[in-house]
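Hey, can you work out the whole structure from these sequences and the hints?
There are 2 protein chains.
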Amino acid sequence: MKTLIDCAMKRAKCDLVIKGAQIFNVFTGKTEKGDIAVKNGVIAGIGTGYEGEKVYDAAGLTVLPGFLDAHIHVESSTLSPEAFAQIVCAHGATGIVADPHEIVNVCGVAGAEYIKESFERLRAGGKRPLEVYLQLPSCVPATPFETSGAVIDGKETERELSRELFFGLGEVMNFPAVLAGDEDMLRKLTAAQKLGKVADGHAPALTGDALNAYLCGGMKTDHENISVEECKEKAARGMYVQVRCGSSTNNLKDVVLAADEYNFRRFITCTDDKNARDLSERGHLDDLLRRLVKEGMPAERAVMMATLNVAECYGLKGRGAVAPAYFADLTLVEDMKDFRVRAVFKEGELTAENGKALFSAERYLPKSVLGTVHVKEPSADDFKIPCKSGKLRAIAVSPESTIVTQEEIVTVPVKDGFACLEGTGLCKLAVIERHFASGRTGLGVVKGYGFRGGAIAISVAHDAHNLVVLGDSDEAMTRAVSLLKEAGGGMARVGKDGEEVFPFDIAGLMSSASAEEVIRGTGEITAHAHAMGVTEGIEAFMTLVFLSLAVIPTVRLTDYGLVNVNRFEVVPLEVE
Amino acid sequence: MKTLIDCAMKRAKCDLVIKGAQIFNVFTGKTEKGDIAVKNGVIAGIGTGYEGEKVYDAAGLTVLPGFLDAHIHVESSTLSPEAFAQIVCAHGATGIVADPHEIVNVCGVAGAEYIKESFERLRAGGKRPLEVYLQLPSCVPATPFETSGAVIDGKETERELSRELFFGLGEVMNFPAVLAGDEDMLRKLTAAQKLGKVADGHAPALTGDALNAYLCGGMKTDHENISVEECKEKAARGMYVQVRCGSSTNNLKDVVLAADEYNFRRFITCTDDKNARDLSERGHLDDLLRRLVKEGMPAERAVMMATLNVAECYGLKGRGAVAPAYFADLTLVEDMKDFRVRAVFKEGELTAENGKALFSAERYLPKSVLGTVHVKEPSADDFKIPCKSGKLRAIAVSPESTIVTQEEIVTVPVKDGFACLEGTGLCKLAVIERHFASGRTGLGVVKGYGFRGGAIAISVAHDAHNLVVLGDSDEAMTRAVSLLKEAGGGMARVGKDGEEVFPFDIAGLMSSASAEEVIRGTGEITAHAHAMGVTEGIEAFMTLVFLSLAVIPTVRLTDYGLVNVNRFEVVPLEVE
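Residue numbers (the numbering used here), protein chains in the order written: chain A, 1 to 576; chain B, 1001 to 1576.
Please note that a few of the clues may not be correct.
What the hints assert, rightly or not - Derived EDC-like pairs (lysine to aspartate or glutamate); straight-line CA-CA distance at most 16 Å:
1) Lys220(A) with Asp1260(B)
2) Lys1030(B) with Glu233(A)
3) Lys30(A) with Asp1260(B)
These are calculated hints, taken from the structure and not from any lab test.
This is how it looks when you write it as structure tokens:
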């Protein structure tokens, strides 16, 4: 503290002086010209006449506080935390609230430990390039209708959440349990409350009494806001409304209409799920800011949402502003319209410049996250669908509705007591439990996918991340599963032209390869899959990933079989 | 939590439903109509159709979050904490950040313990009517030129601040020590930082580098803002600027000009020092709001400054808003213009209605705060001023400048080696150490007071609270001191018409009598003192209280003698 004061008083030399920039002030909403003096990673002062060991010429640039992502699943990038960090730091992020929901569903708490430790080991000039606030996932498993790799109940939540490792409780998706006053769920929420840790919400379309009740459970934020009115009501009830701009969802238009001069204090930015290609090509929160401002949000409010508001919501001391005694987490952009990031400082260390991270990222690969695909040797018989009536409940997808599915009764030929899909245009779908090699397999049929001539499979499948395989040939499906078993997870394709696999060696969810390799590799296998007839508008693998997510209407497939989400129960595949 | 959720879902009956009110929403800045459901002191929901054990008809009233005072010295009311609480609760306060700077300068930490415990014992239907966040005073003693009843150095601060008793570190008035990097001061600030406790500021007119340096010491708030530009700069540097409306100081006009649509998030309300009469007759934060809005502040921003902003600044969870899961701390007013308080709820308990507190307030009077005036038996010789040259440095006061004094050299007759003030119109002033009966006495002369025909004395004297006595007769001064010694402190007057004393039995600072008695008693003795010729515009006792405050220019008197504040040193009374 003494050294910092000495630097502020110009009695001592600073470590770094950032000179000649326009500095955006989140407290006033205005930009001011000045130099920023930094000592020991902290801003000593804003003014002129400082001397520094290093001087960074920022003439022509605008200094913003480092961007903060209020909610992100790193796993959704399919990148290692290290490769992920290199990209998001280059795009201006200095902190993220990470919810390792996916990997914890595979590896248990060890998955969370891995995420934290991977980020922790990164160093740019002795500093962590990215501050990671880790949430303990609250819904492992997400539903009772699937087998995940771990179970974290109320008791374990109490124990784990008290660890310093965990900053808060991850998105509480199981809002029906909260509203019902479910004992185990309330045990988790009470633990968060007692520990004074933030619980994140996930309550799409909740309103009125139900929203009040959900808030009584202690949730402070929500990223599921699907209308202007919903954003407004949640903010009015004191929730922090997350402005989300991920790969497949964004609510920017709604936010622009919902946020006003007062309630904008309650809006914070997040990306939730963003894949490697989008992160790399479109960007991270810089992309969000660019688009948000383009949609009509005043730039100063947009920046506050990505900085000060996040810091206030989560109580991140010394973050979210460019001011004395704050950490020198700074993102230098060309302007506050396009938000092109030119340089990023984390605690006074230059971590990225002109789109390139300036820190190396040797992979940390502990055993706990490797070799996580445990399945029995598959055989073609596993995929046979016993059938008498010839009537099956199909999962219908369409380009207009790739996320929300429909249930449709289809009639199929029956041969030797089994459904025969040849010539129907339908595909078989299987979800194979992959954590304990139990052999448990759910079978279903999908209408509208268009795929033919083989099989595709993936080991990313929300939320339990069992193997999902789709095809029109039992043999090809068998082979696709074998490929994933051998690779330890990933994306596989089996066609008449041959077979290929892109491995996700980390928990079957992420690749330890470079971002470039991941983008190229997953891009290629996806293109090849699409060439096998996938209906335009459907994403060969990404749509697959969501076909087992048993919390989104209407019908889904898990290793337990077909789930009617509206009735929240397993239903028979065959209609008798 | 389960019961609360059940109430929100209307499956269970609430404890209380407040019906038919307009509810002001601090998140949106708008007012909405609805009922408020309360269970176990917490708001379960806002809506309609709730059933409650009790129903409170609030038709025609506006519900605001309970008012929060960000900085107050309870002792300045000269009331017991209990009597103080009855008044401020009736005026809409539900929480205060209390800095027991005065009593700790007399009684040490025991004084702080007393303040907290007095409030703690109050109960309205099982609830505390007032939430008290207690700061550990940072400047005991305030200067090296005076004897206070206790010394709290850096080491003791580390120890005390770690106690749950203390919420944070009280106003750091000794800003020169911070700027100089004084070791003992930084030890205190570092302790606050390590413990994550808020340190309050006090840095009048600090700007530029000095302000940056002060912030590097960790101060988060400031109530000393004496210009529009100062308010703006402090807010821009991330400080919470306190809107102050006490008995003798207010910056409402400046705040109205300084606060805008963005920086108003950084403005919070306080009263700092407010005497019993003003509290009782004008009000507390209701008075501040009324005046602030009259000066031109939009009412919605004014209310946010007195509620949400304070809660955010100090991290007061569950306070500062009317929303689900927040404590039911509610102030019901007639409108958002005059802010006439009609009812106050603290955690769902009705604590005041129509200006009257609904809780009793039996005094807690531990030995630690009683009998605190320790002086030797005074004699007229104590007040003789040895003098050869006949030239003395007088403390000059005037109605235009009762707080800031001037130094003026005066010529006086000399008789037997002593100054003789008869017929000069000057008064003698003495400050007598009263904590350890050391007999240490500082002597001075005052010009411009107008007082004649006896003496007045008081045991409230910032910041060390020694006895201050002023008069034109050594005998009367002797008697006045004797009266205070007998009474254990208070206000005393000795005139040709007789003598009187109003005791401050609590630490020589506060009276255990009722507010009515205190207002009447102190009013009477003050009126009698004024009748002894006190210059119009000077307050007989209050001006006296500040004549020993050795941090405000230009010359002051302490038990060490005359202090030149600008030179920050003790200077001789006589000019040779």
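Structure-based check of each hint:
no.	hint	verdict
1	Lys220(A) with Asp1260(B)	violated, 27 Å
2	Lys1030(B) with Glu233(A)	holds, 12 Å
3	Lys30(A) with Asp1260(B)	holds, 11 Å
Consistency note: the structure conflicts with earlier hint 1 alone.
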